[in-house]
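**Q** Protein chains in written order, with my numbering: chain S, 1 to 447; chain A, 1 to 417.
Don't take every hint at face value.
[Said to hold, decoys possible] Sample of chain A residues lacking proximity to chain S, with all beta carbon distances greater than 12 Å (derived):
#: 1; residue: D62
#: 2; residue: T66
#: 3; residue: M283
#: 4; residue: K340
[As the list claims (entries may be wrong)] Once the Cα atoms are required to be at most 25 Å apart in a straight line, the calculated PhoX-like pairs of lysine-lysine come out as:
#: 5; chain 1: S; residue 1: K68; chain 2: S; residue 2: K124
#: 6; chain 1: A; residue 1: K94; chain 2: S; residue 2: K106
#: 7; chain 1: A; residue 1: K331; chain 2: A; residue 2: K221
#: 8; chain 1: S; residue 1: K106; chain 2: A; residue 2: K340
#: 9; chain 1: A; residue 1: K94; chain 2: A; residue 2: K114
#: 10; chain 1: S; residue 1: K124; chain 2: S; residue 2: K22
It is worth saying that the hints were derived from the structure and are not from the lab. Here the structure is a predicted model, which means the values were calculated and not measured. The beta-carbon is built from N, C-alpha and C at its ideal position, and this holds for glycine as well.
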Amino acid sequence: MTQNYLENLATERSETAITDYKPRFTDLQAVAEANRCLYCHDAPCIQVCPTEINIPEFIHRIASGNLKGSARTILDSNILGLSCASVCPVEVLCVGSCVYNHMQIKPIEIGRLQRYATEYAYEKGIQFYKKGPDTGKKVALIGAGPASLACAAQLAIMGHNPVIFERHTLPGGLNTTGVAPYKLRADTSLREVAYIQEIGVEIRTGVAVGSDVSFADLEAQYDAIFIGAGLGPDSFLDVPGEDKEGVFGALEVIEALKLTQFPAEKYPNAVVVGGGNTALDVVRELRKLGVPNVTMVYRRGEAQMSGYAHEMAAARQEGVQFQFLALPVEYVGEAHVSAVRCVKMALGEPDASGRRSPEPVAGSEFELPANLVALATGQGKLTELFGKISQLELNRGRVVVNAVGQTSNPKYFAGGDCVNGGKEVVNAAAEGKHAAFGIDAYLKEGN
Amino acid sequence: MADLTSNLAGIKSPNPFWLASAPPTNSGDQIMRAFEAGWGGAVWKTLGDPIVNVSSRYGGMDYNGTKMAGFNNIELITDRPLEVNFKEMAEVKKRFPNHAVISSLMVETKAEWKEIIKRSVDAGCDGLELNFGCPHGMCERGMGSAVGQEPKVLEEITSWAVEYSSVPVIVKLTPNVSEIVPPGLAAMRGKAHAVSLINTIKSVIGVDLDRMVPLPYVGGKSSNGGYCGPAVKPIALRMVGDLARHPQFNIPISGIGGVSNWRDAAEFILMGATNVQVCTAVMHYGFRIVEDMIEGLSNYMDEKGFKTIDEMVGLASRNFTEWGELDLNFKVVADIDASKCIECQLCYIACWDGAHQCIHLHEHDTRVPYVDQEHCVGCNLCSLVCPVPGCISMKEIDQGKGFMNWKQYQEQLAAQA
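Bound-form chain S, shown alone (with noise of 0.2 Å):
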């Protein structure tokens, strides 16, 4: 019996009081911006998709009321189409290489008119792929997130039987712990899962592979596996205080909001450290959860900070406050914080990245008021865990794969987070459905 995740899910949750900033259209919507969409030949929005969807194609099935054939469209190039269809910065993917961008008129809403599409599919109940034929080849993968969800579903279609091991009770990777609650939630995201399950893809949650199942163990009872393991843990930055409560890396705080109701009350100051999205992402929840005082403190200036312009602007929008140049180099407080003592920050030579290095001031320092404080300065890397496979080649900590997705130890295969750094849902989606291409073609080999 599959096991139904959605039940699992505390109905309680912070994350429902966050406002869906771009909310499903409604079918007059959908059909008024379908039909602006041009129908571009060779169009530049698939050419950026990096699970290539049709994008005019499911656009123009909207507009000729095929809304099942649109839905296929769009889940025959990603499977996590509906995830993707929220999660995507489609500011700087598709809808930024829409061609009306060059005529300033609004570029189409491809993202929403995705969701409408994906979204009908899975209210209707409509499951397009099942189990192909029983090849008796199993493939186990590491981490139920997006990379493994898309190779599993492709195996299940090619008739592998892919088995998931998930170390967390709830399937889906960051899209169920991580991604911002007004772009995803929890619950959309198990959807999104047992839409694959069906196919044929078994997930088994709770296991962590490295400790409650050995990898010797997968290797001698699977035929192939593909790790989708994504990063670590949040880095913290080693100052002292850290240990103090109030003190959480970034993904902790997400992760507790989505799930969980978090006390958002109980934080009148709230800093968050870290110049990128995930950064972005915190602070607007921690706004929209009620938060007065909120400021996110980055070490380099605005021009150089990785987080996307589009977030950055709504977060000013919303009243986020910025201290850009600034480190913290202690967190104050009794048991539990009360202030983070920054250091200013000057900009000196570029370093490896081309971005010119931040340097501290001497005497610069400053204190913020915080009774939380989240740390979004990166995840930590898998490499203890990835050291227990032999043969593995890690490059700074990431997985090197071949153009197919195989590792150096030719039985396992990687995508996603693990593979790439930290990219985007829908990278994660690509990788792992290509993947599944180069196992099927290993498997094929070994018979």
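Got chain S; can you put chain A on it based on the hints?
**A** For chain A alone, coordinates are given in the frame of chain S:
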């Protein structure tokens, strides 16, 4: 400021914008509101022996989200008593003496024509329009397009009307004929003072995909209707132009068929119409559209230096000719302005799949397509599909050859043989 006053065969109106005989002219109240909104004239909903209508009656053809690009109806002539119509007509004329009120008529026998014409003239109408065009319902009873399709019958009934009428007679022609000239000339022989065209085109507007019944739906069945609206304009322009350029045809034309704005009106006038009649656009948006029609036409006339409508009439139809008269040596080729291109490549796919394979893509660096101008046949398709105005222009190429039409070309071939 241009003079927009109109005179169609002696029927004067403040501007050339009339309401066609249709639901917007069903009652005196509507027509008075239309005149207040700015309409210059109105052709009354066709009068005759009152009929019974069905429900439903109209159908729309939408295209890519545009509502009613085409429209059809299976409604018949007036279903209100004649005495009420004539009473209202007299009242409209009394309150709007300077506006044109035309009585549209459709009856069967000579005696009936005599009677209804007398009542129309007595009510004060400025002209008559003989409805020889309606292609649904009434034609099954020997009226409407059944008359318009038979030049001899048309001529005869026209001559009756002219005999009985003291006001100008307009014959409304049906487009449901293979050629429009024979019925047009028949109207002239019957001494009509003007013609109006086109009436609606026999049509089925669509099919209900769930009930498997054509539209509009009437209790599980449907029937052919009359097609009109923006989509019929090209058919109407051709028919108006055919009459306007015909050497024997020399009575005024009231242009009808998809006129929705001042541009359409200007096109009809340039193709030989003296005025225009409008229906579908009013059924869609109401009488208020006439304000822009008046202002837009006036601005256009000022810009082009026309002082009166008459100066415009037929300026384009004189350049409307047989294919065989066209210059085979005139040559245009597509020219893409890369600075305006938005890289949608619709020109490429249209040319490649739908035309003459003369637009190509670069292998690298740019998505802007290029034209093989040596082989480009100058068909226009790329410039028609391009969403950016002015991006693809059709550039004239001087081939250094003089004018040569088809006949001359055949002569040249014969001489070479």
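**Q** Compare the structure with each hint and give your call.
**A** Okay, the hints, checked on the actual structure:
{"no.": "1", "hint": "D62", "result": "violated (10 Å)"}
{"no.": "2", "hint": "T66", "result": "violated (8 Å)"}
{"no.": "3", "hint": "M283", "result": "holds (22 Å)"}
{"no.": "4", "hint": "K340", "result": "violated (9 Å)"}
{"no.": "5", "hint": "S:K68 to S:K124", "result": "holds (9 Å)"}
{"no.": "6", "hint": "A:K94 to S:K106", "result": "violated (53 Å)"}
{"no.": "7", "hint": "A:K331 to A:K221", "result": "violated (52 Å)"}
{"no.": "8", "hint": "S:K106 to A:K340", "result": "holds (17 Å)"}
{"no.": "9", "hint": "A:K94 to A:K114", "result": "holds (24 Å)"}
{"no.": "10", "hint": "S:K124 to S:K22", "result": "holds (22 Å)"}
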